[in-house]
Amino acid sequence: MDMLETGITRRGLMAGTGALVVSFSMGRALAREAAPQPAAPQPATPEPPALPGSLDDERFLDSWIRIDADNAVTVFTGKAELGQGVRTALLQVAAEELETDPKDIELVTADTGRTPNEGFTAGSQSMQNSGTAIRNAAAQVRAILLAEAGRRFGVPPESLKVENRTITAPDGRSVTYGELVSGQMLHVEAQPQSPLKDPGSFRHMGRPMQRVDIPGKVTGQPAYVHDLRLEGMLHARVVRPPSAAAQLSELDTTSIEAMPGVVSVVLDGNFLAVVAEKEFQAINAMRALSAASRWEEKETLPDQNDLPAALQNLEREVGTVAEAGNMPSFTGRIFAATFSRPYQIHGSIGPSCAVAHMKPDGTLDVWSHTQGVFPDRAAISEMLGMPPEKVRVIHMEGSGCYGHNGADDAAADAALIATKLPGRPVRVQWMREQEHSWEPYGPAMLVKVKASLDETGRIANWGYDLWSNTHSTRPGGAPALRGARHKAPPFPASPAKMQISPSGNGDRNANPLYTIANKRVLWHFLPDMPLRVSALRALGAYANVFAIESTMDELAILADADPVEFRLRHLEDPRARDVVQLAAEQFGWSNMPMPRNRGRGFGFARYKNLAAYMAVAVEAEVEPETGRVRIVRAVSAIDSGEVVNPDGIRNQTEGGILQTISWTLYEAVSFDRTRITSTDWSSYPILRFASIPDKVDVHIVGRPGQPFLGTAEAAQGPTAGAVANAVRNATGKRLYDLPLTRDRVRAAIAT
Amino acid sequence: MRIIRAFSFLLTLLLVAAVAFLFVAWRSEIPVDEQAASAAHPPELVAKGAQLAAVGNCIACHTVPGKPAFSGGLAVPTPFGTIHSTNITPDPETGIGHWSEAAFERAMREGVDRDGNHLYPAFPYDHFTWVTPEDNKALYAFLMTRQPVKAETPDNSLTFPLEFRPLLAGWKLLFFRKGQLQPDPGQSAEWNRGRYLSEGLGHCGACHTPRNSLGAEDVERHFAGGEAEGWQAYAIDENSKAPVPWDAESLAFYLRNGWHELHGVSRGPMAEVTGNLSLLPDSDIAAISIYVASLMGEPSPERLQKAEQLRAQFGGGRIIQASDSQTPPAPAASDHPGAAIYQAACATCHESGRQQPFGGLNFALSTAVHAPNPQNVVNVTLFGLPPADGKASAVMPGFAAMLTDRQIADLLAYMREQFSDEAAWQDLEAQVANTRSGKYHVAVRPSDGIERAPHNVGAKEE
Amino acid sequence: MAISLKVNGEDKRIDADPATPLLYVLRDDLALNGAKYGCGLGQCGSCMVVVNGEAVLSCMTPVMLMEGREITTVEGLGTIEEPGPLQQAFIEMQAAQCGYCIPGMMMSAHALLRRNANPSDEDIRQALGTNLCRCGTHMRIMAAIRRAGELMQAAGLPAAGEGRTG
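Protein chains in written order, with this note's numbering: chain A, 1 to 751; chain B, 1 to 462; chain C, 1 to 166.
A portion of the hints provided could be inaccurate.
[Unchecked claim] Calculated lysine-lysine pairs in the PhoX-like style (CA-CA distance at most 20 Å, straight line): (1) Lys-178/B / Lys-137/B; (2) Lys-497/A / Lys-450/A; (3) Lys-67/B / Lys-695/A; (4) Lys-733/A / Lys-450/A; (5) Lys-241/B / Lys-150/B; (6) Lys-12/C / Lys-298/A.
None of these hints come from the bench; they were simulated from the model.
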C-alpha cells in the first residue's frame, strides 16, 4: 500500500485560497477503500490513540474543517445527503462547536477529490461517525483558535468570548477566525479529548432547524444528479439482459445506429447501451435495440411458491449469533412458528442516474448518488483497469435510496460508456422497469422460533434459527457492479462469506434484547444468491424484529399478560423501558376490548442492539370481507441519544413507519423461474395516499450529553412487529408470512 | 243522469280495481326478531354464505367505497331517478338486525322488505327469486354475522309517482315471476350449476341484458348487452364482439384472474365481479363459464379464422423486456387526425407486446374497440385505470386533461377504423363531452379488485 | 418539428420530435428541473405538471398535444427567493425527505387548490391518488397542502374554478 503514498494532492483544489493549503497523502484513504482488505496488519508501529467517530480514520483536523483568510468556513464530510437530512444536522453540529451560524458554513459532502473517506453513508451511522468527528474537530479547532487569540492578546483563552466566528477579549479587542488562521495551524492530528460545549449552552443542536435543501427542491433548483447538465453532455440508456443469466445471442445494430440522434451503440460482452444527443432519442434507440436483441436465457430462479424450501436448500453453513445459559429445552407453555419475508425492493421513485466524463487528461469524473464515493471509486477503477487516483467520484443527491440500490451500478454504466466516448460527458438514467428488475433486493428470509415460558410467566428458553443470504454486496470491488458482470470478460461474482459482528447483517437484531435465561440464535447462511441482494434499510433487523415481536405477543398471550407489560418484564435497560413506556402511554395503551375488526399492536427494538431505541404502538382496521388492512394511527417513541435536529428525527421516524407499513402490508418481488416479473408500480404496488394512517406521532426521548445513536433505520423492525400484532389483535389470527396481503388476511380470517 | 250513472260506474270500477290492486300489492309486515342479530350460526354456513355473497356481488352495491362493508348508501342512478342501496349489516335500527330468516328469504324471493314494502328492482330479486332456501340460509348467516353498522340509508329521489311503492306491485305483475329454477335435464350438472349461479344469485343479466322502457330486462334479448354505472356490459350471447371468441376455458381464466391475454383486464363494475369471484372454488367458476359460453353459440368460421390469426400474433409469447415496457412511436400510419395521437400517446404501451394484465392490450384484441357503443373506450381514455389499493393491478393514466373532446373523438374514430371492420361510431365528440362533464355518469374503478379503500382513487365518481 | 409552448407564462419555441413526451422537453430543452422522470408509465406522478389548470403526467404527454396550452411547472409557483404559498407551505411543514417526488405532489396539489382552496383530507388524498412517495413523507405532504390552502385563502389568491378547461 505504501507505493500509493506518492499519490495526488487531494487538497489541490484548495491551493491559492490564501488560507490553509494543506496537502496530505491519499495513502490511507486508498488503502481503506481497496477491497478486499488485507488481512495481515503491517508490523510494529505503535497503535495511535483512538479518536472519536471518523476522526479515528481521518486524523487531521483540516481534513474536516477549513477556515479561509476571509473568515469563510468550510466543513468536509465523507457522508452523503440521501434525503435523511444529514447535511442539515452536520451543519448544526459544526455551527454549534464553531460558534457560528449554520448558514455561514459551506458543507462539502462525499467527494473523493475533496472529502475524508468515511466509507458508506449507511447503517444510521452518519451522526455517530461523521457527526461525532465534525463535532470534536470543530471543538478542537475552536480551542486552537482561542489559544492563538489568547496568545495574540496576551490574555488567558478562558477570558475570551467567541461569537459568530469572532473572538473578543475582555478589553474589547477582537479578531476573526480568518485573521487568526495561518499556515499549518489546523493541520494537526486531533486529540482524543475535545472541549465540547455544554448542552445547556447549545444554540443550534437539539433544536429543530429547517432543512437547508428543501427550499431548492420545492422551487426547481438543480438538486439531484438527475438535474446535472454539462456542456456537450450526451444521453445514454442501457439495455439489460431480460434475465440475470441471459447471454446475448444475436444483435444487429445497423438500423439503430441510423436512428435520429444516435451517436453510438456500445456493445461489450453482454453490456449493451446506446448513446444519443437527446434523451428521448436515446430512449427510443434503447427500445429499438432491446427489440433487436436476442438472448439465451436459463432458469436460475427458485420457485417463488415454495420459497421457504428454496431458502433452506441453499444453506451451506451455520453460525452462532448468540448463546446464553443452557442449551434451550422446551417444556410447559411453548410457542413455535416459522416466519418469512420475501425479496423486497428499495424502490426509489427516481430511477438510478449518473453522469461520467472521460476527460482529455485521461482522468474520469463520475457524479453519482452512491452511498460510498470511495468504495465506488475503487470498484469502478478496478472494472476499468484504471488507477484509482485517475477516477474521481463526486456525490450528488439522488432519489431516496434506503440502502444499496442501483446507484453504484448506474455510476459504473456511465463510467463504462464514457470511457468509450472520451471527451463528452455522458448521462445515464435507468428506466423504471430496469430499476425494479436490476436493483439488488432486500433478501428473502426464513425464521424459525421456538420459545417456552417458565411457571412464573417469564421466557425460559429461546431457540431462533434464521436462513438468509448476506445483506451486503456493496461495491468493495468490480464484481459488485452490474456492468462489470456483463462486460467482457466479466468479473465473476465473488463468493459471499458469513460474518457475524455485533451490529449484525442478516442476523441484525436476531438476538432479542429481552432477558432470557437460555437461548441460542443461529444463522443458517446461504452463500448463493439466485436473486441479487444487498443492503435494504435495517438489513436483517426488519424480518428478525418482525419474528421476535410477533413471538413476544404470542408468548404474552400464553402467559396471559398484557403485551407491553410482558415486554417490560423482560427488559432491564432503562432506556429501553423508557421508550416502551412512553409509546404505550402516548398511545393510550390498554386492555380494553377494541371495536370489532380493530386491533392494537406493539413493537420494540433497540436497533442493532447497540443503537437507537424505538417503540411503536399502532391501531389497525381490518375489513374481513376483503382482508384489507389499514393502519389507522401509529404512536412511537425514539431515543437516538443526543438530539441534533428533533424535526429531522421526527421526519425520519415518520417516514420509517410509513415505509414499513408499505413493506409489511403489500410488498414482494415476484418472479418466475427465469425472470423478474414485478417490473413497475402496477406489478409491485406500494403505499398510496388512499391507505395512509390518519395520524403518526413521534415522541423523542432526548439524551443530552450522550452519544449520537442514529435514527433512520430504527423504525423498520418495531413497526413490522406492531402491524402484525395489531392484525392478530383485530382478527384473532397470527400471520407468519410477509407481506400481510389482503388475500392472506382474508384467507386467515376464513379459517 | 246517464252521465252521472256512467261516471259512478267508472268510479266503482276504479275503486274495485284499486282495492284489488292494493290487495295484490299489499304485503304484511314480518314481525321484528329481537334475537336475530345475536343468534349463533355455524361457521361452515357462514363460510358458505361468504362465497355466495361473493357470487351475488352484494358488497359492490351495498357499500359506499371508504365506508364499512354492507352498510349501504351507495347512490345507484337509474333512468327513473336515484336509488340508494340499503344497509344490510345486522344493525337493528338502520340495518337488517331485526330481520328474521323468513323476512330475509321473502326479500330475496319476492322483493319485499320486512315491513312489507315492495323493493325497487334495482335490487335484482327477479334473479334472486331463484336462490334456493339453503343458499338463502347461508347468505343470511353470513350477513347476520357481519359487523353491525349504524348507517341510515339516504332517501331515494325518484320521478313522480314512482316513490309510491305499491306501484311496484304493478311492475311485478308485468315483469316478475317468482319461482325456482328447474334444472334442464338435457344439460350437464355443471351447466345447470352454472345456470343457477349466473341467472340466480350472480344476476349477470342485470347488467348484460338490455332493459325495456320500464326498466325490466328484455327477456327476448337475454345477455345481448346492457349497461351498468356508465359502462357498457358487453353482449355475452351470440352478439359478442370479442375479436377472439370466448370459450369456457378463456372465460374461466378471466373470471378467476380478472384478465385474459386475448381479452384484457376486467374494469368498471366488472372489476368488482372478478375481484369477488376469487373466493369461489374453481368448480363454480368453471360451471359459470360453461353455461355462459354455451349461450354465446358457435362462432362463424370466419370469426374463428380471424381469431386464430390473432392468437398466433398475440397469444402466449413472452416479449423481451430488456429495457422498458414500451415501444418507440412509429410514424403515423395514415393522415387521419387521430393517427398521430394514437402513435404518440397510445401505441408505445398498447403495441409494446407487454403481457396482460400489466401491459396495454393490443386494440386488435379489444372488445371495447369492436363494440357497437364506444362508451367503455371513452371512459378508459378519459379516466384511465386507477391503481388498486395495495394490490397489483393494471394501471393506466387518464387522458382527460391531456386531450380535448375533439382529439379523443379523432383518436377513437381512428382506432375503430384501424383495428375493426365495424361501422364508424356516430357523434363521438358529443359522447366524449357528456362523459367528461359528468352529464353521463361513470363510476371509475381500478381493474380487477373490490375497492373498498377509504378515499381511494378507484372510487372516483365522474 | 418546431412547437410553440407557453411554460410558466413564457412563450417557448422548441424543436423536437412531436412524439417526445413533454417531460423531456421541459427537462432537456428548457432546462427545468421540477418535473422528474419516475416511471414513464403514468404510475407515480413525479412528472406531474399543470396544463390549463389540470394536473397532467408529462411523461405520457406527447409534446405535439401541448401546442398553445399553458403549462405550469413547480418553477412557475415561485422562486427560492420568493416562494409561492405552496412552496412556503412545504418549507414550513418540512414536507420532504429526499424530495424527488415533491414537485409532482405540489403540481397535483396546485391543480386541486385552484379548484378548492379549502380541501378536505379526502379531497387531498384523492387529488394525490397518482402520486407515489417512497420516503413516507405522506403525513407532512398532507399537512403542507392544507397549510398552502390556508396561505392562499389568507392572501386572497384565486381558487375556485379558475382555469379549468374542457
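(message) Hint compliance check: list the failing hint numbers for this structure, sorted ascending.
(response) Of the numbered hints given earlier, those the structure breaks are 2, 5, 6, listed in rising order.
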